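So the protein sequences, as listed, match chains A and B. Residues 1 to 408, numbered by this note's numbering, are exactly what the first sequence covers, in order. Residues 409 to 816, numbered by this note's numbering, are exactly what the second sequence covers, in order.
Honestly, I wouldn't trust all of these hints.
[Said to hold, decoys possible] What follows is a list of derived Cβ distance ranges for each label pair:
| hint | chain 1 | residue 1 | chain 2 | residue 2 | range |
| --- | --- | --- | --- | --- | --- |
| 1 | B | 772 | A | 55 | 32 to 42 Å |
| 2 | B | 577 | A | 397 | 32 to 42 Å |
| 3 | B | 442 | A | 360 | 27 to 37 Å |
| 4 | B | 472 | A | 4 | 45 to 55 Å |
| 5 | B | 550 | A | 334 | 50 to 60 Å |
| 6 | B | 653 | A | 397 | 16 to 26 Å |
| 7 | A | 334 | B | 659 | 29 to 39 Å |
| 8 | B | 705 | A | 368 | 43 to 53 Å |
| 9 | A | 336 | B | 454 | 51 to 61 Å |
[As the list claims (entries may be wrong)] Here are the simulated BS3-like pairs of lysine-lysine, each with C-alpha atoms no more than 30 Å apart in a straight line:
| hint | chain 1 | residue 1 | chain 2 | residue 2 |
| --- | --- | --- | --- | --- |
| 10 | B | 439 | B | 463 |
| 11 | A | 55 | B | 463 |
| 12 | A | 378 | B | 463 |
| 13 | A | 55 | B | 439 |
[Stated by the list, open to error] According to the in silico footprint, chain B covers these stretches of chain A (three or more CB under 8 Å from chain B):
| hint | stretch |
| --- | --- |
| 14 | 47-59 |
| 15 | 150-157 |
Because the hints were derived from the structure by calculation, they are not lab data. These numbers come from a predicted model, not from an experiment. A virtual CB, placed ideally from N, CA and C, is assigned to each residue, including glycine.
2 protein chains.
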Amino acid sequence: MDLTRSPLARPFPDLPAIAGVTLRSVRAGYKAWDRADLTLVELVEGTAVAGVFTKSACASSEVEMGREQLHQGTARALVVNAGNSNAFTGYRGREAVEQIVAQVAEGLGCAPEQVFVSSTGVIGVPLPRDVARAGVAAALEAAPCSWEQAAAAIGTTDTFTKGAGASAMIGETRVEFAGIVKGSGMIAPDMATMLGYVFTDARVAPALLQDMLARANAATFSCITVDGDTSTSDTVLAFATGRAEHPEIRSWDDSGADAVFAALQSVCRELAHLVVRDGEGARKFIAVSVSGAQSDDSARRIGLSIANSPLVKTAIAGGDANWGRVVMAVGKAGEPADRDSLSIGFGGVWAARDGQPLADYDETPVARHLQGEEITIKVDLGLGAGRATVWTCDLTHGYIDINADYRS
Amino acid sequence: MDLTRSPLARPFPDLPAIAGVTLRSVRAGYKAWDRADLTLVELVEGTAVAGVFTKSACASSEVEMGREQLHQGTARALVVNAGNSNAFTGYRGREAVEQIVAQVAEGLGCAPEQVFVSSTGVIGVPLPRDVARAGVAAALEAAPCSWEQAAAAIGTTDTFTKGAGASAMIGETRVEFAGIVKGSGMIAPDMATMLGYVFTDARVAPALLQDMLARANAATFSCITVDGDTSTSDTVLAFATGRAEHPEIRSWDDSGADAVFAALQSVCRELAHLVVRDGEGARKFIAVSVSGAQSDDSARRIGLSIANSPLVKTAIAGGDANWGRVVMAVGKAGEPADRDSLSIGFGGVWAARDGQPLADYDETPVARHLQGEEITIKVDLGLGAGRATVWTCDLTHGYIDINADYRS
Numbered sequence: 001m002d003l004t005r006s007p008l009a010r011p012f013p014d015l016p017a018i019a020g021v022t023l024r025s026v027r028a029g030y031k032a033w034d035r036a037d038l039t040l041v042e043l044v045e046g047t048a049v050a051g052v053f054t055k056s057a058c059a060s061s062e063v064e065m066g067r068e069q070l071h072q073g074t075a076r077a078l079v080v081n082a083g084n085s086n087a088f089t090g091y092r093g094r095e096a097v098e099q100i101v102a103q104v105a106e107g108l109g110c111a112p113e114q115v116f117v118s119s120t121g122v123i124g125v126p127l128p129r130d131v132a133r134a135g136v137a138a139a140l141e142a143a144p145c146s147w148e149q150a151a152a153a154i155g156t157t158d159t160f161t162k163g164a165g166a167s168a169m170i171g172e173t174r175v176e177f178a179g180i181v182k183g184s185g186m187i188a189p190d191m192a193t194m195l196g197y198v199f200t201d202a203r204v205a206p207a208l209l210q211d212m213l214a215r216a217n218a219a220t221f222s223c224i225t226v227d228g229d230t231s232t233s234d235t236v237l238a239f240a241t242g243r244a245e246h247p248e249i250r251s252w253d254d255s256g257a258d259a260v261f262a263a264l265q266s267v268c269r270e271l272a273h274l275v276v277r278d279g280e281g282a283r284k285f286i287a288v289s290v291s292g293a294q295s296d297d298s299a300r301r302i303g304l305s306i307a308n309s310p311l312v313k314t315a316i317a318g319g320d321a322n323w324g325r326v327v328m329a330v331g332k333a334g335e336p337a338d339r340d341s342l343s344i345g346f347g348g349v350w351a352a353r354d355g356q357p358l359a360d361y362d363e364t365p366v367a368r369h370l371q372g373e374e375i376t377i378k379v380d381l382g383l384g385a386g387r388a389t390v391w392t393c394d395l396t397h398g399y400i401d402i403n404a405d406y407r408s
Numbered sequence: 409m410d411l412t413r414s415p416l417a418r419p420f421p422d423l424p425a426i427a428g429v430t431l432r433s434v435r436a437g438y439k440a441w442d443r444a445d446l447t448l449v450e451l452v453e454g455t456a457v458a459g460v461f462t463k464s465a466c467a468s469s470e471v472e473m474g475r476e477q478l479h480q481g482t483a484r485a486l487v488v489n490a491g492n493s494n495a496f497t498g499y500r501g502r503e504a505v506e507q508i509v510a511q512v513a514e515g516l517g518c519a520p521e522q523v524f525v526s527s528t529g530v531i532g533v534p535l536p537r538d539v540a541r542a543g544v545a546a547a548l549e550a551a552p553c554s555w556e557q558a559a560a561a562i563g564t565t566d567t568f569t570k571g572a573g574a575s576a577m578i579g580e581t582r583v584e585f586a587g588i589v590k591g592s593g594m595i596a597p598d599m600a601t602m603l604g605y606v607f608t609d610a611r612v613a614p615a616l617l618q619d620m621l622a623r624a625n626a627a628t629f630s631c632i633t634v635d636g637d638t639s640t641s642d643t644v645l646a647f648a649t650g651r652a653e654h655p656e657i658r659s660w661d662d663s664g665a666d667a668v669f670a671a672l673q674s675v676c677r678e679l680a681h682l683v684v685r686d687g688e689g690a691r692k693f694i695a696v697s698v699s700g701a702q703s704d705d706s707a708r709r710i711g712l713s714i715a716n717s718p719l720v721k722t723a724i725a726g727g728d729a730n731w732g733r734v735v736m737a738v739g740k741a742g743e744p745a746d747r748d749s750l751s752i753g754f755g756g757v758w759a760a761r762d763g764q765p766l767a768d769y770d771e772t773p774v775a776r777h778l779q780g781e782e783i784t785i786k787v788d789l790g791l792g793a794g795r796a797t798v799w800t801c802d803l804t805h806g807y808i809d810i811n812a813d814y815r816s
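Generate the whole structure from the sequences, applying the supplied hints.
Dropping the structure here:
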């Protein structure tokens with residue numbers, strides 16, 4: 001299979017070093033490929049950790065263990081395996097993760113529950129323990145690598161490496177954020193097939209960091225979809241090393257809390273957008289903005305109904321301002337909607353208002369808009385003040401090409 | 409656009425004449441095409457009617473009016489317009505339907521509420537009233553046509569005409585059933601983009617007929633999906649002319665009720681399967697059987713999550729027994745499931761049992777099965793006694809071809 005670089009790709013940004021974070025990646029050999037596929041991130045003592053995970057009822061052992069480990073609030077290491085998701089592998093999968101955790105904990109001299117593991121790739125094949133053992137041993141000895149190298153090492157079918165950065169001022173102190181993410185298929189609401197990690201040197205108490213990540217996730221990773229499919233391994237973790245010299249931020253009322261949250265959310269949003277930009281076969285990046293819904297949550301669900309509709313996504317792929325299909329997707333969402341107060345537009349031009357096509361609707365500027373790479377669909381329900389924006393990509397032949405012969 | 413006949417098509421069956429039903433179809437000219445696109449079915453006085461409709465919040469005027477008309481329980485006529493769905497057209501759409509109803513009621517000498525109308529095709533363009541008026545006038549004068557001609561006239565992007573028949577014995581009396589259906593895209597749970605009509609000469613009280621149709625629909629039309637998209641116009645109507653000579657069936661306990669229901673459901677199932685067989689771009693017919701769920705309804709929802717997953721559907725298109733994607737789809741369904749009691753098989757061969765791949769799993773017979781046109785996926789949740797079967801088709805390049813340039 002030829003995985004050509006997505007036309008919506010973005011160059012990898014310059015990301016700041018984060019004090020207290022050391023990246024290493026090596027080739028463990030989970031697949032017969034010539035690339036790094038095991039990443040070990042070492043975190044300084046006292047690093048706070050937060051996480052959000054897939055809602056799948058069939059989550060992997062990595063996800064199960066990650067959820068359990070979060071309770072103690074600190075992390076010393078993260079291991080990411082690429083090429084094998086270790087999902088649906090029963091006790092053998094669990095044992096493989098426990099082995100990695102034990103080996104890293106011994107190597108770094110930390111508690112096992114401070115070692116977080118993620119795996120991505122084929123489902124149903126237990127992670128080979130000998131490959132993992134040799135890989136971890138090599139990673140513990142390896143020289144540090146760059147953000148871009150780590151971002152490449154965690155990828156699977158990604159066609160480009162993905163990273164995002166931000167900074168924030170806390171009083172006189174500047175704190176830095178760097179994030180990497182992988183994922184290009186099985187991307188869905190309630191997270192994506194996706195492993196995402198954000199690192200900062202800010203000092204944030206674990207409970208607050210968890211709250212911030214959950215909020216940021218709700219407006220970013222949980223608002224993207226490629227195909228409506230949700231993986232068994234989806235994970236986003238945030239790590240705050242606390243090496244920046246400012247008083248610890250413990251509550252939303254503390255100085256700097258808003259700035260830290262804004263930076264965290266901006267990194268999450270950019271990473272989420274990059275995942276959509278690498279959606280399998282994507283040729284267009286689509287933002288669906290819903291307003292006038294009965295609540296923000298209702299707006300998000302209607303947005304996702306539109307963004308997940310194969311008929312809407314193929315229409316955009318074909319450059320067709322097919323607002324009838326948007327009506328259909330609103331109607332099937334199962335959310336409060338009133339046909340006669342519904343308005344729909346593309347690229348800032350209303351095609352229908354209050355339940356009827358506009359008599360003077362000029363399709364020319366809309367057709368031009370749909371020739372571009374960045375598409376906006378606007379829906380107003382005329383019912384309330386609820387609003388949300390979700391992001392997706394179009395559905396093209398490339399999606400079929402990739403998924404009809406990849407054993408994921 | 410080249411709409412070639414689906415490779416899964418079935419020949420149109422020999423259908424019995426139904427006493428009390430007269431079919432007529434004419435070319436009204438809703439589109440610039442050379443084919444009949446307006447069908448008028450005349451029903452003898454005393455015909456009982458039952459219906460189920462789309463759950464879309466943006467349903468068409470036809471659907472709104474149909475729901476209202478059902479209350480009185482009898483029908484004298486059905487009009488089906490092809491090429492224009494008249495959906496999302498506000499008061500102008502409603503007026504067009506009212507005009508048709510009035511014209512037919514006058515022509516046949518019946519009450520307006522006994523005239524049912526369906527329309528299918530482009531959304532957002534009011535049904536042209538002059539075209540409809542001339543078409544209805546012509547239909548009232550036209551010579552009767554066959555089931556196959558009527559089935560062709562109600563179609564839009566269908567690549568083959570679809571019909572099904574059955575018969576039942578009520579004591580010594582044989583009753584006949586004939587059904588036609590259209591639909592090939594926007595097919596989804598809670599009905600399909602689909603207009604389906606079943607006619608019988610049995611004598612069934614309207615309230616019981618409604619109950620029978622609702623039950624039959626739940627196990628047939630509501631268990632098919634092509635793309636998870638639900639139209640604003642979905643309608644299934646059942647008409648019982650009562651011309652057969654047997655005592656009226658008024659309750660489930662009456663003689664013949666079970667036989668009538670079985671025949672009705674068998675026609676509905678065959679029509680539903682034919683819709684899937686004409687799924688846009690379909691190359692394989694897929695039955696997903698779910699057992700061991702907490703309830704039948706939970707089983708159906710899990711089945712639909714699998715049947716709607718683009719990753720599962722593309723895997724089948726590629727002949728890939730990718731049970732990992734089935735695990736994913738079970739996990740995302742939001743229904744009770746336990747990874748460690750889950751079993752998955754293809755074509756009667758288990759690939760995974762109790763949460764783990766089978767050690768001695770032989771993929772050879774499965775790979776052979778997936779080369780065929782009729783695919784079975786079996787999932788056992790190991791939790792309870794709930795079971796359901798849903799039907800879908802694979803997701804291929806043909807779907808993209810058709811939907812990236814059809815203005816529906």
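Going through the hints against the structure:
1. 772/B - 55/A: 32 to 42 Å: holds, 36 Å
2. 577/B - 397/A: 32 to 42 Å: violated, 52 Å
3. 442/B - 360/A: 27 to 37 Å: holds, 33 Å
4. 472/B - 4/A: 45 to 55 Å: holds, 48 Å
5. 550/B - 334/A: 50 to 60 Å: violated, 41 Å
6. 653/B - 397/A: 16 to 26 Å: violated, 58 Å
7. 334/A - 659/B: 29 to 39 Å: Distance hint for residue 334/A, residue 659/B holds at roughly 33 Å.
8. 705/B - 368/A: 43 to 53 Å: holds, 47 Å
9. 336/A - 454/B: 51 to 61 Å: violated, 40 Å
10. 439/B - 463/B: holds, 27 Å
11. 55/A - 463/B: holds, 27 Å
12. 378/A - 463/B: holds, 23 Å
13. 55/A - 439/B: Cα-Cα ~47 Å, so violated.
14. 47-59: holds (count 6)
15. 150-157: violated (count 0)
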